[in-house]
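Here are the chains, one letter per residue:
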Amino acid sequence: MSTPENQVPELPSSTKLITTLATVAMISGLLVVLVYEFTKPIIAENQRLATERAIFKVLPKAKSRLTFVVDQDKLVLANDKTIGELIYAGYDKQNKLVGIAINASAQGYQDTIKILYGYSSDNGCITGFDVLKSTETPGFGTKITSDEEFLANFKCLDAQVNVTQSKLANKIKTVRHGTKQHAWEIDAISGSTITSNAIGRMLNKSAQALHPVIARNLNILKQGQQ
Amino acid sequence: MTQTTKKETPLTLDVFTAGLWKENPVFVMMLGLCPVLAVTNSVLNSLAMGIASIFVLVCSNALVSALRNFIPKQVRITTYIIIIATFVTLVDYIIQAVSLDLYNKLGAFIQLIVVNCLILGRAEAYASKNSFTKSVVSAFGMGLGFTLALVMLGGVRELLGAGQLLGYQIFSTNFEPWVVMILPPGGFIVLGSWLLLINYLEQRKTGKLISQDEASHCAVQGTPS
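Those protein sequences? They're chains A and B, same order as listed. Per our numbering, numbering through the first sequence is continuous, rising by one, with the last residue being 226. Per our numbering, numbering through the second sequence is continuous, rising by one, with the last residue being 451.
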């Protein structure tokens, strides 16, 4: 088609412009709504599966799980759609509590890092974590999931509550690479200090808030399905 | 279509293949470089981004072409943006439905397809002036060319940056990954190297100095005669 430069186009009436835009916007709206309605249940299911996978990854011994919500210092049975601070209790075949999965998040190098970590209430250990959301620098911050020395911190990271069950017995903190002395310290990854620190901060914050509640309500968790 | 186009050229294979190589959107036209540099740190990400772009490019160009005689010139860009944004939103939902992992990896770059100048550029420069079939064929060719370029970058970056291809270990574990390759500078380095190679080969083929016009696109300048 010839280029339109050689003719001055006539200005169409505003009505024409408005009808064009309105028509296109309507087609657009219709398409978006159709696809949204179609994909909504699939996306919800995907999200549920992702949560499920993360829970069973941090609690490898668990065969089934229950969701609880923290409600004024009490743990109440809930489902995944409940709004609030959710914790997931994992049970083995005999319905015995094997561990608790808890969400934690903190600002990392680029954006908020979200993790789910496993907590064993019997020995007060944090036993591992799974990253749910992270935009950390590949090759540096992403080492938190692959660096063997770093992961060794989570064989048993001490996070037990004190005698009065008001807070943690020892504050979880990240220490410089190679200077870990206590079971509640996290040995940072050299070169990924900011991300390592973020893991320490988020675990401390979440554990300080939730582990005492868990300790006080342990019977509710242990009763579980019965 | 009320208006018949006067000098409409017939649909030839050239319409399709132009985008693949001769007018490759990345290596020749240098369009849409933001996702090219940002998401090509692995082959899988490149492929997913390429397929998402093909979808948006083909669908939006089809619609733009179908509506081309109906859209007044004054509001055409607005209309194109609405059309493109619609298909990007659809892709966004579809990728979430297909794989949340992939969605998390591609991050904000799916939404940013809206402002990928390749798509708006093709809508304005081609689809708004050509028949429906030709626009769709050309868009598909361009999309494939774009994907090819993304995968070429992604392949090199993943191989050198992680020693893997599509997640499979290629180099032995003794290989120390070049971390820079999966970081943003790696994108620039690999893109530059590909341009260097492609332009060098192109010049050898034509056996003469590149014309002034093309020189503005090229990374290579000042060639021995």
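These aren't lab readings, by the way, just hints derived from the structure by calculation. Check before you lean on any hint, since a few could be wrong.
[Stated by the list, open to error] Straight-line C-alpha distance at most 30 Å; calculated DSBU-like pairs for lysine-lysine:
{"id": "1", "chain 1": "B", "residue 1": "Lys299", "chain 2": "A", "residue 2": "Lys40"}
{"id": "2", "chain 1": "A", "residue 1": "Lys155", "chain 2": "B", "residue 2": "Lys331"}
{"id": "3", "chain 1": "A", "residue 1": "Lys155", "chain 2": "A", "residue 2": "Lys114"}
{"id": "4", "chain 1": "A", "residue 1": "Lys57", "chain 2": "B", "residue 2": "Lys331"}
{"id": "5", "chain 1": "A", "residue 1": "Lys222", "chain 2": "A", "residue 2": "Lys61"}
{"id": "6", "chain 1": "A", "residue 1": "Lys16", "chain 2": "B", "residue 2": "Lys331"}
{"id": "7", "chain 1": "A", "residue 1": "Lys114", "chain 2": "B", "residue 2": "Lys331"}
{"id": "8", "chain 1": "A", "residue 1": "Lys16", "chain 2": "A", "residue 2": "Lys63"}
{"id": "9", "chain 1": "A", "residue 1": "Lys180", "chain 2": "A", "residue 2": "Lys74"}
{"id": "10", "chain 1": "B", "residue 1": "Lys299", "chain 2": "A", "residue 2": "Lys133"}
{"id": "11", "chain 1": "B", "residue 1": "Lys355", "chain 2": "A", "residue 2": "Lys16"}
{"id": "12", "chain 1": "A", "residue 1": "Lys81", "chain 2": "A", "residue 2": "Lys180"}
{"id": "13", "chain 1": "A", "residue 1": "Lys171", "chain 2": "A", "residue 2": "Lys93"}
{"id": "14", "chain 1": "A", "residue 1": "Lys16", "chain 2": "A", "residue 2": "Lys61"}
{"id": "15", "chain 1": "A", "residue 1": "Lys16", "chain 2": "A", "residue 2": "Lys133"}
{"id": "16", "chain 1": "A", "residue 1": "Lys61", "chain 2": "B", "residue 2": "Lys331"}
[Said to hold, decoys possible] Here chain B is said to cover these stretches of chain A; the calculated rule only asks that three of the stretch's residues, wherever they fall, bring their Cβ under 8 Å from a Cβ of chain B:
{"id": "17", "stretch": "24-32"}
{"id": "18", "stretch": "212-220"}
Idealized CB from N, CA, C, for every residue including glycine.
Which constraints among the numbered hints does this structure fail? Numbers only, ascending. Hint check: 1, 6, 8, 9, 10, 12, 13, 14, 15 and 18 fail, others pass.
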